[in-house]
Amino acid sequence: MNVIIPPKRGDKGSSFNRLVSYISDREDKPKDDDLVSAAPRQNASRTKKAMFDRLVDYADRNVGDNRAVVITDVFPDGRQRLISGGISCETNCFSWETSAAEMNMVAAQSRRCQDPVYHFILSWRENELPTDAQIFECAEHCIRQLGMEGHQYVTAIHQDTDNTHCHVAVNRVNPITYKAAALWNDADTLQKSCRVLERKYGFIQDNGSWQWGVNDQLVRAPFRYGSAPQGTVPLQVYSNTESLYHYAVREVREKISELIESREITWRQIHLALHERGLGLREQGEGLVIYDFLRPEGPVVKASSVHPTLTKFRMEAHIGPFEGPPTFEHEEWSYGISSYYQPAFELRDKDVRFDRRQARAEARLDLKMRYKRYREGWEKPDLHVKDRYQQVAARYQAMKADVKRSQHDPLLRKLLYRVAEFDRMKAMAELRIELRDERQALAEKGLLRPLAYRPWVEQQALRGDVAAVSQLRGFVYREKRKERTPNGGFDRLIQCGQRRFSR
Numbered sequence: 001m002n003v004i005i006p007p008k009r010g011d012k013g014s015s016f017n018r019l020v021s022y023i024s025d026r027e028d029k030p031k032d033d034d035l036v037s038a039a040p041r042q043n044a045s046r047t048k049k050a051m052f053d054r055l056v057d058y059a060d061r062n063v064g065d066n067r068a069v070v071i072t073d074v075f076p077d078g079r080q081r082l083i084s085g086g087i088s089c090e091t092n093c094f095s096w097e098t099s100a101a102e103m104n105m106v107a108a109q110s111r112r113c114q115d116p117v118y119h120f121i122l123s124w125r126e127n128e129l130p131t132d133a134q135i136f137e138c139a140e141h142c143i144r145q146l147g148m149e150g151h152q153y154v155t156a157i158h159q160d161t162d163n164t165h166c167h168v169a170v171n172r173v174n175p176i177t178y179k180a181a182a183l184w185n186d187a188d189t190l191q192k193s194c195r196v197l198e199r200k201y202g203f204i205q206d207n208g209s210w211q212w213g214v215n216d217q218l219v220r221a222p223f224r225y226g227s228a229p230q231g232t233v234p235l236q237v238y239s240n241t242e243s244l245y246h247y248a249v250r251e252v253r254e255k256i257s258e259l260i261e262s263r264e265i266t267w268r269q270i271h272l273a274l275h276e277r278g279l280g281l282r283e284q285g286e287g288l289v290i291y292d293f294l295r296p297e298g299p300v301v302k303a304s305s306v307h308p309t310l311t312k313f314r315m316e317a318h319i320g321p322f323e324g325p326p327t328f329e330h331e332e333w334s335y336g337i338s339s340y341y342q343p344a345f346e347l348r349d350k351d352v353r354f355d356r357r358q359a360r361a362e363a364r365l366d367l368k369m370r371y372k373r374y375r376e377g378w379e380k381p382d383l384h385v386k387d388r389y390q391q392v393a394a395r396y397q398a399m400k401a402d403v404k405r406s407q408h409d410p411l412l413r414k415l416l417y418r419v420a421e422f423d424r425m426k427a428m429a430e431l432r433i434e435l436r437d438e439r440q441a442l443a444e445k446g447l448l449r450p451l452a453y454r455p456w457v458e459q460q461a462l463r464g465d466v467a468a469v470s471q472l473r474g475f476v477y478r479e480k481r482k483e484r485t486p487n488g489g490f491d492r493l494i495q496c497g498q499r500r501f502s503r
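Each residue of the sequence shown is one higher than the last, beginning at 1 in full-length UniProt numbering.
In case anyone wonders, no lab produced these hints; they're calculated from the structure.
Check before you lean on any hint, since a few could be wrong.
Unchecked claim - Computed list of lysine-lysine pairs in DSSO-like fashion (alpha-carbon distance at most 27 Å, straight line):
{"#": "1", "residue 1": "K426", "residue 2": "K404"}
{"#": "2", "residue 1": "K372", "residue 2": "K192"}
{"#": "3", "residue 1": "K179", "residue 2": "K372"}
What the hints assert, rightly or not - Cβ-Cβ distance ranges computed for the label pairs, FRET-style:
{"#": "4", "residue 1": "D73", "residue 2": "R436", "range": "56 to 64 Å"}
{"#": "5", "residue 1": "R263", "residue 2": "E438", "range": "52 to 60 Å"}
{"#": "6", "residue 1": "I121", "residue 2": "G78", "range": "18 to 26 Å"}
{"#": "7", "residue 1": "Q342", "residue 2": "P234", "range": "17 to 25 Å"}
The C-beta atom is built at its ideal place from N, Cα and C for all residues, glycine as well.
The whole structure should be built from the sequences, with the hints applied where relevant.
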């Protein structure tokens, strides 16, 4: 099975009415047993007025509406399954006929959500025939994984095409909190859900961004590269040392892919990318090989085995005849070697590294979920500003009333009014300063507004959270990688006499 997220309208004007009408009304699709006639087929209008009129006709049970709705199952949690016009549907709204209106009313409670309609499609292979119950359960699982459990939704199964598929329309606005669900990375989340559902119900695993790896773990689907050259794997197994091929793949394959995708690749850039990792590129026979720059007489690896595009024939067709590497004699920042091949070192246990990496990834995911719950449960501190202003105003209003009742001399009464008004203005100014100090104190403690992800992680790290410490270490590594960019070395100079050397 696979997932499809149809493109949305550019003006953010997606309509629940049109979507529900489309996925539940298939009368304009010809059936297999329909008779072919010369008379043109009249399709139902899809304008908002026509759809609303059909909805009112059905609600009033008018004779003109022939689309029968039969409720087949009702669940304790409010879900109901039904057949509308021959289409199996499911919704958790009060009724199928008013589902679009219900979702519109809930969406209207959120002023910030401009486009509350979320629509995705789950599709199965031609040779797979899932049951209606399995399809509805798959749709519910995907909705939960997107973080929209409890949101209003409508699911309809279409079996009038080669592939059985279902349309799922979900209201992003929560019917209780009226907050819109954040759908960042939704396609990736749905892809992962498809792999889980395929294994649960025995469907054929489809292509996607995730796949099942070793130890029944979901891993990213890798780019399809060729297998390692013959002899490199036994070398690592029996000698417990890393081969030149595996070192080159680990260090430069991704960098070469980035250069090729940039479409501004040159022979000089390729040589510099390899030289930074202690490798070199040269001609040998009719092709190209990668060698250890510090040990040129040592073993070599075919360049095409490291990256399938790095062949002499393909590269010369795009960037011209082969050019040798620079002499690397001048002192330039780009000529530095950050790492190099060490054949004498023992190979690190990759299984242990993989287990640790998986544990760190799970801990970071749990950390992000905790941060999400923190953001959802955060409430702004109530300083009771309005009540405090009203108390000050009421106090001096009562003072003026007492003056009016006790003082009969007009001049003295007017003077006391002015004194009370001056005291009121003074108290209001003091209250404003007090509120400003309270807000400043809350801001210094990070309580005035919800913390961003990194400050929140820093607080968790100070409390001894292992996952937060690991995440902070990742932030530092990322900053160090950014500092190694080409523009990062020209602002640090050491002046010695009249000459300057880059550090």
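Each hint, compared with the structure:
1. K426 x K404: Holds, because 21 Å separates the two Cα atoms, which is no more than 27 Å.
2. K372 x K192: With a Cα-Cα distance of about 20 Å, the restraint between K372 and K192 holds, given a limit of 27 Å.
3. K179 x K372: Holds. K179 to K372 sits at ~13 Å (cutoff 27 Å).
4. D73 x R436: 56 to 64 Å: holds, 59 Å
5. R263 x E438: 52 to 60 Å: holds, 56 Å
6. I121 x G78: 18 to 26 Å: holds, 24 Å
7. Q342 x P234: 17 to 25 Å: Cβ of Q342 to Cβ of P234: about 20 Å, so the range 17 to 25 Å holds.
Checked against the numbered hints given earlier, this structure breaks none of them.
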